[in-house]
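These are the residues of each chain, in order.
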Amino acid sequence: MPSSDASSTLRLPSGLRTRDFLIGGWTALVFVFLYVPIIVLVAYSFNASRLNVLWSGFTLDWYVRVWDNGPLLRAAQNSLVIACISTVLSVVLGTSGAWLLHRYRFRGAGGIQTLTAIPMVMPEILMGISLLIFFASAGLSLGFATVVIGHVTFSFPFVLVAVQARLRGLDPALEEAALDLGATPFKAFWLVIVPCLRPAIVAGGLMAFSLSWDELIVTFFTTNASAATLPIRVFGMAKVGLNPMLNALSAIFVLATAAVVLFSAYVRRLAR
Amino acid sequence: MSAGVELCNVTKRFGAMTAVDNVSLRIEPGEFLTLLGPSGCGKTTMLRMIAGFDVPTSGAIRVGGEDVTALPPYRRPVNQVFQSYALFPHLSVAENVGFGLRMQGVAKGEAAERIAQAIELVSLAGLGERRPHQLSGGQKQRVALARALVCRPKVLLLDEPLSALDAKLRHAMQLELKQLQRRLGMTFVFVTHDQEEALTMSDRIAIVNRGRIEQFGSAHEIYHRPATAFAADFVGQANLLEAEFVRRENGTVRVKLSGGLELVLSAATWPDDTAKALISIRPEKIHVSKQPVQAENVFAARVEEEVFKGALDHLILVTPGGARLNAVAANESALLEAIHAGDQVFCGLHASDLVVVRA
Chain A
216 MPSSDASSTL RLPSGLRTRD FLIGGWTALV FVFLYVPIIV LVAYSFNASR
266 LNVLWSGFTL DWYVRVWDNG PLLRAAQNSL VIACISTVLS VVLGTSGAWL
316 LHRYRFRGAG GIQTLTAIPM VMPEILMGIS LLIFFASAGL SLGFATVVIG
366 HVTFSFPFVL VAVQARLRGL DPALEEAALD LGATPFKAFW LVIVPCLRPA
416 IVAGGLMAFS LSWDELIVTF FTTNASAATL PIRVFGMAKV GLNPMLNALS
466 AIFVLATAAV VLFSAYVRRL AR
Chain B
1110 MSAGVELCNV TKRFGAMTAV DNVSLRIEPG EFLTLLGPSG CGKTTMLRMI
1160 AGFDVPTSGA IRVGGEDVTA LPPYRRPVNQ VFQSYALFPH LSVAENVGFG
1210 LRMQGVAKGE AAERIAQAIE LVSLAGLGER RPHQLSGGQK QRVALARALV
1260 CRPKVLLLDE PLSALDAKLR HAMQLELKQL QRRLGMTFVF VTHDQEEALT
1310 MSDRIAIVNR GRIEQFGSAH EIYHRPATAF AADFVGQANL LEAEFVRREN
1360 GTVRVKLSGG LELVLSAATW PDDTAKALIS IRPEKIHVSK QPVQAENVFA
1410 ARVEEEVFKG ALDHLILVTP GGARLNAVAA NESALLEAIH AGDQVFCGLH
1460 ASDLVVVRA
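If you read the sequences in order, they're chains A and B. Counting from 1, position 46 in the first sequence corresponds to residue 261 in my numbering; the numbering is continuous, with no gaps. Counting from 1, position 202 in the second sequence corresponds to residue 1311 in my numbering; the numbering is continuous, with no gaps.
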């Protein structure tokens, strides 16, 4: 070997270049499959025609009609309020549950671990029915509260799992160092552990928010007319017939989701 | 300000495993004490019980005369430097150092002053705004030290704090820590498995093995007068030989080694009415020469192997009777006649350099 510097300027063998090309092509195909439907959906929200198949000119009319549609806006508001409340509750429950299971050894910990995982894999239709029966037999009337309870039941385990994964990678000496420096167990958790868990809490919280935001089935079983969420309203409208107003609504959703994703990426970069 | 630590009949069991077995230990105020032993010997558990992270199964722990056995870590007048440093990643260097003061509710102005002093003390001035991930291993180590010292603990606990540093930095930090401890007059309890580290820094060393303290004394005592075979072997090198009582002579005891070699040792060290005992001989105490030597014990040997180590020559000697001994000779001058494998040599050994040890 005359010089090791040569390796940095080595050309790739042709076999590798072919492989790179195939991988690149495959990646492009995956992205087309993922995003073309969304692009089409957004494009047709500007379509002057009532039909989704024919392009007959540009208009912002559908956005105006979304803005003028009282019930739709109220549903969006419901969705936002329910998603925010259930996210906060899921984050609190999931984070404290994860800490409890991670930090303390107690009888039945394994059982609790398994029980919290079940709502993640249980069919939503079963969740919906069982919650409905439970609320009915408990004498609770359906509305905001029951929807929030329903959403928290299936979304807090996602926070719990994310936080647990982070806790496993955390140096156990961090808590001891805080205690050693005079922090009570609560202060050690709040001032040291929680900040270290922030990326997992944010990720779990976003997960909980998006799960609640687009949830249909559990909500369907646990809501009443006044607490109808956006997915419920949209589902109702789609039964009557699709119109570009739904496209316009979806375009707003896409924009909002993209903003949330970009924001969380920004937060994560700040944390580093 | 600094205080002593007492462990009174402390036992710690984890399930069926006994990590610390009825240990009593008295650490004087202001001394640098090292708990030295192999991994899993219980030394870290002892430290964790002083810090309050583990509670003794039985026994009591006192700091400065006050019983702290039942106190949680955040109420004890001790602070610890962790092996992993355990710096809080979301806080700056200054905020890390100030964490303890914040918990104590020290006023902002005073806290800022003490933080600056502590950072200065560990030579990190100017790095207060950095985050832990922007620091080198040695710098993290210093932050961990400052974070503990700023609280002015009565006792500073150090859990293998130098083990993650490279050899050169480790040596520098050993001396620095020792100087710091002298200057502050603070009680340091240091845990390590590195015997050289222990000898370099400690006022006194407790050799820990299988949850018990094998020997407790100054570095000199432990090295020159090991009490047990384990202590002799763990600190430095030792020839451990079975010796059989032959007879008492004036002021000495004559013993016979397994290879037939007869040696004399100080009578005071030989336990009365003992027929057999284990003795320890440090390799460098055997004076090896091609010329006849003067000592209470003189014997001939053949050099079986010679390993040149620069400043020192490691020799494996075989006596005519077949006893094998490790010896170390200083390479004093290139002009002197060197000793090589196969040479016949004279060996001298002072009676006081034979130490009787418990098995």
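Bear in mind the hints are in silico, worked out from the structure with no lab data behind them. Just so you know, these numbers come straight off a predicted model, no measurement behind them. Hints are not guaranteed to be accurate.
[Unchecked claim] Far from chain A, some chain B residues (derived; all Cβ distances over 12 angstroms):
| no. | residue |
| --- | --- |
| 1 | Gly1161 |
| 2 | Ala1221 |
| 3 | Glu1238 |
| 4 | Asp1268 |
| 5 | Glu1358 |
[Said to hold, decoys possible] From the structure, some residues in chain A lie toward chain B, with a derived Cβ separation under 7 angstroms:
| no. | residue |
| --- | --- |
| 6 | Asp235 |
| 7 | Gly239 |
| 8 | Glu391 |
| 9 | Leu396 |
| 10 | Pro410 |
| 11 | Pro414 |
| 12 | Ala418 |
[As the list claims (entries may be wrong)] Some but not every residue of chain B turned toward chain A, in silico, with C-beta under 8 angstroms:
| no. | residue |
| --- | --- |
| 13 | Cys1117 |
| 14 | Ala1160 |
| 15 | Phe1162 |
| 16 | Thr1166 |
| 17 | Gln1189 |
| 18 | Phe1197 |
| 19 | His1199 |
| 20 | Gly1209 |
| 21 | Met1212 |
| 22 | Phe1325 |
For each residue, glycine too, the CB sits at the ideal point set by N, CA and C.
Structure-based check of all given hints:
1. Gly1161: violated, 8 angstroms
2. Ala1221: holds, 17 angstroms
3. Glu1238: holds, 16 angstroms
4. Asp1268: Asp1268(B) not clear of chain A: closest Cβ-Cβ about 9 angstroms, inside 12 angstroms.
5. Glu1358: holds, 58 angstroms
6. Asp235: Constraint on Asp235(A) not satisfied, violated at 34 angstroms.
7. Gly239: Where the cut-off is 7 angstroms and the nearest Cβ of chain B is about 34 angstroms from Gly239(A), the hint is violated.
8. Glu391: holds, 5 angstroms
9. Leu396: OK, holds: Leu396(A) within 7 angstroms of chain B, min 4 angstroms.
10. Pro410: Because about 4 angstroms separates Pro410(A) from the closest Cβ in chain B, which is inside the 7 angstroms limit, the hint holds.
11. Pro414: violated, 11 angstroms
12. Ala418: violated, 16 angstroms
13. Cys1117: violated, 22 angstroms
14. Ala1160: Ala1160(B) check passes; min Cβ-Cβ to chain A is 6 angstroms, inside 8 angstroms.
15. Phe1162: holds, 5 angstroms
16. Thr1166: Because about 17 angstroms separates Thr1166(B) from the closest Cβ in chain A, which is outside the 8 angstroms limit, the hint is violated.
17. Gln1189: Nearest chain A Cβ about 5 angstroms off; hint holds.
18. Phe1197: holds, 6 angstroms
19. His1199: With a minimum Cβ separation of about 4 angstroms from chain A (threshold 8 angstroms), the hint on His1199(B) holds.
20. Gly1209: It holds, given that the least Cβ distance between Gly1209(B) and chain A is near 4 angstroms, below 8 angstroms.
21. Met1212: At about 4 angstroms, which falls below the 8 angstroms cut-off, the nearest Cβ of chain A leaves the hint on Met1212(B) intact, so it holds.
22. Phe1325: violated, 26 angstroms
Hint violations for this structure: numbers 1, 4, 6, 7, 11, 12, 13, 16 and 22, all remaining hints satisfied.
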